[in-house]
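Novice: Taken in sequence, the protein lines are chains A and B. Numbered according to full-length UniProt numbering, the first sequence terminates at residue 283, and the numbering increases by one at each position without gaps. Numbered according to full-length UniProt numbering, the second sequence terminates at residue 283, and the numbering increases by one at each position without gaps.
Hints were generated in silico from the structure; no laboratory data involved. Bear in mind the structure is a predicted one, so any value in this text is a computation, not a measurement. Mixed in with the good hints there might be a few duds.
Put simply, identical chains are the same to the list, so a pair is met inside one copy or across any two.
What the hints assert, rightly or not - Result set (DSS-like, lysine-lysine): computed pairs, CA atoms no more than 30 Å apart in a straight line:
# : residue 1 : residue 2
1 : Lys276    : Lys137
2 : Lys276    : Lys104
3 : Lys255    : Lys176
4 : Lys233    : Lys199
5 : Lys201    : Lys176
6 : Lys263    : Lys236
As a plain string of letters, each chain reads:
There are 2 protein chains.
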Amino acid sequence: MEKIYIIGIGLIGGSLARDFRKLYPKAQVFGIDKTPEHIADAIKIGLIDAEATISSIEEADLVVLSVPVDIASKILPEVLDQIGDQTLVVDMGSTKASICECVKAHEKRRNFLACHPIAGTEFSGPMAAVEGLYKGKTNIICEVEKTSFKLQEKALQLFTAIGMRIRYMDPVSHDKHIAYVSHLSHISAFMLGKTVINKEKNERDIFDMAGSGFASTVRLAKSNPTTWTSIFKQNKENILETLDEYMINLAHFKKLMQEDNFKGVYEEMENTNHIKEILKGIE
Amino acid sequence: MEKIYIIGIGLIGGSLARDFRKLYPKAQVFGIDKTPEHIADAIKIGLIDAEATISSIEEADLVVLSVPVDIASKILPEVLDQIGDQTLVVDMGSTKASICECVKAHEKRRNFLACHPIAGTEFSGPMAAVEGLYKGKTNIICEVEKTSFKLQEKALQLFTAIGMRIRYMDPVSHDKHIAYVSHLSHISAFMLGKTVINKEKNERDIFDMAGSGFASTVRLAKSNPTTWTSIFKQNKENILETLDEYMINLAHFKKLMQEDNFKGVYEEMENTNHIKEILKGIE
Chain A
1 MEKIYIIGIG
11 LIGGSLARDF
21 RKLYPKAQVF
31 GIDKTPEHIA
41 DAIKIGLIDA
51 EATISSIEEA
61 DLVVLSVPVD
71 IASKILPEVL
81 DQIGDQTLVV
91 DMGSTKASIC
101 ECVKAHEKRR
111 NFLACHPIAG
121 TEFSGPMAAV
131 EGLYKGKTNI
141 ICEVEKTSFK
151 LQEKALQLFT
161 AIGMRIRYMD
171 PVSHDKHIAY
181 VSHLSHISAF
191 MLGKTVINKE
201 KNERDIFDMA
211 GSGFASTVRL
221 AKSNPTTWTS
231 IFKQNKENIL
241 ETLDEYMINL
251 AHFKKLMQED
261 NFKGVYEEME
271 NTNHIKEILK
281 GIE
Chain B
1 MEKIYIIGIG
11 LIGGSLARDF
21 RKLYPKAQVF
31 GIDKTPEHIA
41 DAIKIGLIDA
51 EATISSIEEA
61 DLVVLSVPVD
71 IASKILPEVL
81 DQIGDQTLVV
91 DMGSTKASIC
101 ECVKAHEKRR
111 NFLACHPIAG
121 TEFSGPMAAV
131 EGLYKGKTNI
141 ICEVEKTSFK
151 LQEKALQLFT
161 AIGMRIRYMD
171 PVSHDKHIAY
181 VSHLSHISAF
191 MLGKTVINKE
201 KNERDIFDMA
211 GSGFASTVRL
221 AKSNPTTWTS
231 IFKQNKENIL
241 ETLDEYMINL
251 AHFKKLMQED
261 NFKGVYEEME
271 NTNHIKEILK
281 GIE
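Given the sequences, and given the hints that come with them, work out the whole structure.
Specialist: Here you go:
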């Protein structure tokens, strides 16, 4: 690994840069980002050595695409146009169907590996990058068979070296399931935050009453709106389905309360309590 | 402090017992609980010295009522009937209007102080009790003026000694606001858990895709159904109001997505992002 290019040097790309710089201290790491402050910050704190442009990535050993998912689908074909024969390109996006679709007929399809590392925090930008973000986390790889053997192996080595578990999945199933276990949580958190802020906007004291339970439930409402608008746009149909089911469940709970059916309310909670076992090992 | 009686020796009462035993090593701590296993566990791990019954609490210096809120409202008058003139009785419940109402005409009203310590975890029972649970947390005290000066002072010393900040509020306002910053979070977490479990019940592998964001958002769905049914029953009207507003906000978000109004989706999230500042100091 001599030359690494990271397109989008925020939390995700920046954290990967930290791990790679430790693993490959001799490698040169370049950043590409449309926000000049991100480049300046990334150089200042040592995430990257210098800024680069897409036209210079022919010589890259590795290109990491860590921009919002709708932008990733737009620029990936252009990136593949520019790279060399041995370059590995990976993306880090939370949706997979669109990015796989956009390069399915590209002559350099075999240089690309579609990835979704299930890792992150509610913060964003290069200053939020942390070493070890990916350690012990799952990386979901889609359409692995469409990547060349040599580059599959290279990617596997890289992700294993930073401590990730690998799972393989098709992109359509990925997008369907991730809507439930990730995307819906973000909507519930944002709307919970909105509900409370709207009600209490003139009573700031009220937040003195909030405990760690509230903080935990709305934590994701701190997330970056650009990143998430892009995900909601790309995974719209799946997310609308999860949102419908969530709203039906809330309406049913409300009805039980209205009818003073507190035996039913109790059962709703008891039936969900085994989330305890499911969450073991995630937190 | 010579004799402390804790009625309901679970997470809340048990954690308080741990702190008090450290503060008053010579005090005797008695437990009253309808579940024999709780008493046995509490004795085994040293939360209490022995079991007691309500008929023996005349000699108590302090009685702590930490049972589900609907039971607290039922037994508090009976507890006040039994205590001595110098006994302080505090409750620890998440709703305050009902408990204040149930003893408003009691001849020993001045021995009671209505409290809501904003502290807890998603676990329950005496084995979940932890030392220091209340440190740095807020204790909301209601109708302080109805408690005798001497017992107000005693309670203030006790809560300050375990590291709590004190806030005073009327019980009706308490129940209205706590519905937003605590009770609604529990419903959103339980229903989010339900939505995902229902969808993925035959695909356990899917939870490998869940990250810390999902875990954080559904954490409260591990909470005790008995405790929470009781709270939902007592604070029904306020909670239904918050639930309506939450569902309206979700429906609006859904409509924006359906209409491909992603500018609107972005703004919804950006407007809620300042929850960052609000949450500072809570987590």
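Novice: All hints are to be evaluated individually against the structure, with a verdict given for each.
Specialist: Structure-based check of each hint:
1. Taking the closest pair of Cα atoms, lysine 276 and lysine 137 come within 30 Å of each other both inside a single copy (19 Å) and across two copies (25 Å).
2. Proximity of lysine 276 to lysine 104 under the C-alpha cut-off of 30 Å is found in neither arrangement, the shortest distances being 40 Å within a copy and 40 Å between copies.
3. Taking identical chains as interchangeable, the C-alpha atoms of lysine 255 and lysine 176 lie at most 30 Å apart whether they share a chain (29 Å) or sit on different chains (20 Å).
4. Within a single copy, lysine 233 and lysine 199 get their C-alpha atoms as close as 28 Å, and across copies as close as 22 Å, so both meet the 30 Å cut-off.
5. In the homo-oligomer, the alpha carbons of lysine 201 and lysine 176 lie at most 30 Å apart only across protomers (14 Å), although the nearest pairing inside one protomer, at 36 Å, exceeds that limit.
6. Only between protomers do lysine 263 and lysine 236 lie at most 30 Å apart by alpha-carbon distance; the minimum there is 14 Å, versus 36 Å within a single protomer.
Checked against the numbered hints given earlier, the structure breaks only hint 2 and satisfies all the rest.
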